[in-house]
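Engineer: Here's the letter readout for the chains.
There are 2 protein chains.
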Amino acid sequence: MRLHQLKRLFVGTPLPTAQSRHERLSKPTALAVFASDALSSTAYATEEILLVLILAGTAALSYSLPIGVAIAALIAIVVSSYRQTILAYPQGGGAYIVSKDNLGTYPALVAGAALLIDYVLTVAVSVAAGIAAVTSAVPWLFRYRVVLCVAAVAVVAIANLRGIRESGKLFAAPTYLFVVSLFGLIAYGSVGAIFDFLGEAPYQAHPPGLEGIGLFLLLRAFASGCAALTGVEAVSDGVPAFKPPEAHNARVVLAWLGAILITLFLGITYLAYDFGIVPKEHETVVSQLARHVFGGGFLYYEIQFVTMLILLLAANTSFADFPRLAFFLARDRFIPRQFSTQGDRLVFSNGIVILGGLAVVLLLIFKGDTHALIPLYAVGVFVSFTLSQGSMVRRWMRVRGPGWWWRLALNGVGALVTGVVMVTIAVTKFSHGAWIVVLLIPTLVAIFVVVHRHYGEVSRQLSLDDYSPPPPMTNTVLVLVGDLHRGVVHALQYAQTLSPSAKALYVETDPERTRRLEERWGKWGQGLPLIVLTSPYRSLLGPLLEYIDQLQRHGDNHVVTIVLPEFIPARWWQQILHNQTALLIKGTFLFRKNVIVTDVPYHLRH
Amino acid sequence: MRLHQLKRLFVGTPLPTAQSRHERLSKPTALAVFASDALSSTAYATEEILLVLILAGTAALSYSLPIGVAIAALIAIVVSSYRQTILAYPQGGGAYIVSKDNLGTYPALVAGAALLIDYVLTVAVSVAAGIAAVTSAVPWLFRYRVVLCVAAVAVVAIANLRGIRESGKLFAAPTYLFVVSLFGLIAYGSVGAIFDFLGEAPYQAHPPGLEGIGLFLLLRAFASGCAALTGVEAVSDGVPAFKPPEAHNARVVLAWLGAILITLFLGITYLAYDFGIVPKEHETVVSQLARHVFGGGFLYYEIQFVTMLILLLAANTSFADFPRLAFFLARDRFIPRQFSTQGDRLVFSNGIVILGGLAVVLLLIFKGDTHALIPLYAVGVFVSFTLSQGSMVRRWMRVRGPGWWWRLALNGVGALVTGVVMVTIAVTKFSHGAWIVVLLIPTLVAIFVVVHRHYGEVSRQLSLDDYSPPPPMTNTVLVLVGDLHRGVVHALQYAQTLSPSAKALYVETDPERTRRLEERWGKWGQGLPLIVLTSPYRSLLGPLLEYIDQLQRHGDNHVVTIVLPEFIPARWWQQILHNQTALLIKGTFLFRKNVIVTDVPYHLRH
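Protein chains in written order, with this note's numbering: chain A, 1 to 606; chain G, 607 to 1212.
So that you can see chain A by itself, here it is in the shape it has in the complex:
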């Protein structure tokens, strides 16, 4: 009862099924809803590049410029590629569905596994980076960052259990504030850089590089920066949410998203280089940049605040995506079907709870540290990019609509480039944590296959096709009696309603007690015959099993019903004061065919 009330407090009252509907989004709102995930990664992508480069000393930081340009080009390619997907899948083309359509089940499962992993990582990374934005501005909160991360996940998860996921208004303000604030920062910073009135960032001593600069390190820096691309696929997943013409509007929004993303990412990367900003443990690069440009006043704090907000929105995106993908996987019977049922508030509660739980586990293991999580991140996204673009290539070759050959070329370039980047990320970050994801993806696929096989087997065994109805069933009703009291009388009466030939069964451990029972049976036995079984080893189950074996030799579709009188104390703790015989009997017969155990509870008052 109290658990029920607690749930109401946090989750709200149930919503009727009829209230299920999808809000249609205008282009500006859709940009806010679908861009938060992609744009928020600019809060940490530059920093992750610098953190790798600095291993070769501060001089190596200048390599961030060419790497930034390469990543910007990659964004342009992926965006162009996904604009083709939107055309082909106006009903929404997530990597799982697109791969299933064009490449078959196994590639789809790989995409599904990769995406599930990356949704969890998106929550963990975004929340960790969001809290880092806060602790950069308020340093004394740094020691509480793990607690803050866990609290943030809890808040987002509860909000989603209440069902906020598709309200565009919620997203619009923080996303546009973030975009405007960062454009302001970049514009004012660039002017300052050009006319040189802002100077260099304060000098920071840094130990000399431990590694020489080389191709592997550069590739690793590039791989770390590829976190900037996560979330770019969101628009093409959500085409049906747009106002008509859906596909057209989605393509426009995706193009805008790409442009903003490239501008922000390159702007931050350039200014960080120009002001000579070096990554620090307790302050993010964006925070250092904003502090240098705006000097720690209101604008600085505003930027930190909206950065946190957009990162929490990014985490929130996964809380819509993960349960939706889980729904598809459960509908296709690759994961437990509990993920396909909607809760009281019309959301997929199980997916939300599992996602929140896994993200908290990750945040605890990696102590809420963005940099520790990054090596695991982006592998999954690029697996899904590659499979998604590859699927499109297959599709254009098959469908051949208007302009198919140049769309094929675009998707082909996309598939090739994202495939190469995927391998680069997996190899360069392998020993830093990517190995976990590389092992986890096939493991998840194997689990999907086992689960699928089980469901198939169950539905085959339960199927009514080619099933000849069994002969009519016969049933022997036995009341298991250990004593004579009101609860037993109740159970005897119940057994009489089930069968006129019901019998009572008593297992004798002490002949004296049998004699006393038999004496009172005439008055209270409700006319049922009493069968006494002897038990030389004081075991209740031995003689009972033997007796039932004998009964079941009779017929083919013959069932034995064991009626168990059980009294239920008024308070739960009193339960332990009574013999757990009923539990033992139920456990014993659970896996035995054609024996049905029925508890007949007799409720005590206090």
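Derived DSSO-like pairs: lysine-lysine, alpha-carbon spacing no greater than 30 Å straight-line:
#1 A:503 / G:1199
#2 G:1109 / A:586
#3 A:169 / A:243
#4 G:1109 / A:503
#5 G:849 / G:706
#6 A:503 / A:523
#7 G:1199 / A:586
#8 A:593 / G:1192
#9 G:973 / G:886
#10 A:523 / G:1199
#11 G:1129 / A:593
#12 A:243 / A:27
#13 A:586 / G:1192
#14 G:1109 / G:1192
#15 G:1192 / A:503
#16 G:1129 / G:1109
#17 A:503 / A:586
#18 A:593 / G:1109
#19 A:280 / A:367
Don't read these hints as lab results, they were simulated from the structure.
Starting from the structure of chain A, add chain G where the hints point.
Structural biologist: Structure of chain G alone, referenced to chain A:
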């Protein structure tokens, strides 16, 4: 199945009830069986006295002699007193039973609580001291002492679960070896002391005393030494185990026990003083004494080994005493009745498991350190001594057999002296740990009373006295259907055997599914009518509860049976892949009157 085999491996095959019998013991065997607990305490009693005295510096150690003499006198008094109890209770006079007979329920419960606590402490202290005897001889084992303690408890507990408790032969050899070896040690040591060929023990630096010698410290030393008396009551508890004339033989054995105990205790205390032995952390006093007298050869190791053996036997004694007392308390309904049932091997398994578990917890908390446990020890024993002797005083006043007045005087002195010692122990050791026991005894008594009241209330509510049999019961059988498959067909057939008017119930969440179900119902519905309930909030339980409410307005003794089709996967882990609807429904109706939920399992093959 595998758990079952594991149990057989450790515990052995079941024994038939007819094999239950009590071995009758000759006097020498009885001495061995009943003396081990009392005699084993000489392994640590002297050391505990010295450990308190040394707080006032090494010079204060000489006070061990008068304290030893006082304890020896106390032993003589208690032994004489218990010799009277044996006369009055030839059927065995444990403190619980004797107090219940003469002082009433509450004093008996206090005695029961005190004894249960002390049995646990006997196991913990004896095992800790036994392992200390081993680690004194083999010092590198010292760091593993906690593990060794736990292993020793496990071995003794498993042996008792197999049912070794009353085999006299097991006890004879170690007990007599211990007595003979220690007599040898004391005799040879005394000769050496008199003719001065053994010299002083090696000088040990010791920091000067931190406390002045005073009455409180002397009393605390005395209280610690009183651990020597634990186990003296064993003979009077076990009179029926003696060969006839039982009472006479028991009195003779008790006198012998007293004489040996006093000799060993005084001998060790005197020699430790004479050789100037100072307690050390890593070696017991008895070990130092034996090493000094025998010089570390075979005889030294033999003494350490038999000391360990007799201490394990002492622990073993509690494994017979605790379950027996628990049986009496459970029979009188003061503790859960699970303690009154014998297991497969005719032993009270629950008592043995609980005792072993509690002793392990104590050993872990106190890190297997005898000295840390001693302040908790002996309080309970002296509570039971006092109540037991007090009971005898009441009895002699009532019964007045031959020589009653001088037996009354003996028991009166016993009650008075043990009462004074009880208070002394509780006060002087209060802040060192005795407070735990002082609080625990009334807590346990309160639990006993609550449990007793509950059992009384239950049997009153279940009683058939003044019970007018209820009117004949009527029963509505409903099959809860969510789909149509072989398991559902099986359940429908089963419902038909229960009632010709059984109905099927379907809660609609999606009208399309209802339509499909209704289409197939004609062929597979077994002729049962299908009732469809709508559920606007997708809740299964809401409409179901409403429908049952309506049904139950009908009659007085009307029961609703909900038949739940459930398929059971072949492997346990597959269970989590299926909706836990059945569990939810059973949980909901568990506390609801007149609703009976019956699972009809359909077993899948693999």
